[in-house]
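Turn these sequences into a full structure, and let the hints steer you where they fit.
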Amino acid sequence: MMGVSSATVHDLVGSPAMIGEGGRTHAPRPREDDAPTAFIPAQIPTPTPHIYIGNIPLTTNSQNFDKIAEAFHTTMQNGEIIVRPSLDVIRDGAKRWSTTAVGYFLGKRPYFHHVNEFVWSVWPLVREVKATANGFFFFEFKTTTAMEEVIEGGPWLFHGQPIILKKWEPGMMLWKLQHT
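Be aware that the sequence shown starts at 0, since it is given in numbering that gives the first Met the number 0, and climbs by one per residue.
PhoX-like cross-link-like pairs, simulated, lysine-lysine; straight-line CA separation at most 20 Å:
1. Lys165 <-> Lys129
2. Lys94 <-> Lys141
3. Lys94 <-> Lys165
4. Lys107 <-> Lys175
5. Lys129 <-> Lys94
6. Lys129 <-> Lys175
7. Lys129 <-> Lys141
8. Lys166 <-> Lys94
9. Lys165 <-> Lys141
Please keep in mind that the hints were generated in silico from the structure rather than gathered at the bench.
Listed below in structure tokens is the structure:
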């Protein structure tokens with residue numbers, strides 16, 4: 000019987016693929032009285048990213064682009080679409096980030112999944128961890144108090160590397176101090 004790769008799902012002709020333990024996909028075993036079978040690769044749908052402007056999902060659906068144009072001050076300059084959100088949208092966004100601390104590690108940037116595991120084991124009131132390509136980490140907490148306790152409870156070390164933490168603020172510029 001052919002193996003099943005993680006990139007494709009193989010179905011037996013006339014019978015559905017099955018999901019086994021651990022989420023692995025396998026084709027059902029043919030019975031001896033079945034006609035010869037063939038494996039046909041099936042496409043796995045790619046999930047649509049969940050990107051929102053305000054509360055409007057951003058997709059290639061032109062109807063959503065029309066909603067965005069109506070909800071925000073949208074102009075065209077030099078062939079580029081310029082979107083200027085309203086003060087209400089900015090305030091809503093600032094509220095969402097009000098329980099977020101921003102940080103970076105001195106020295107070599109650790110792997111995201113290592114930081115994520117560390118944070119969840121040490122800071123139980125963290126809600127979500129995000130990272131940027133240039134080494135900044137965003138730690139969203141369940142409450143402002145929890146975030147402030149972590150920031151004030153430092154210094155924090157991760158495998159001997161200190162992390163510089165500060166409260167996220169609207170309009171803040173992300174830059175790292177040069178340490179020698």
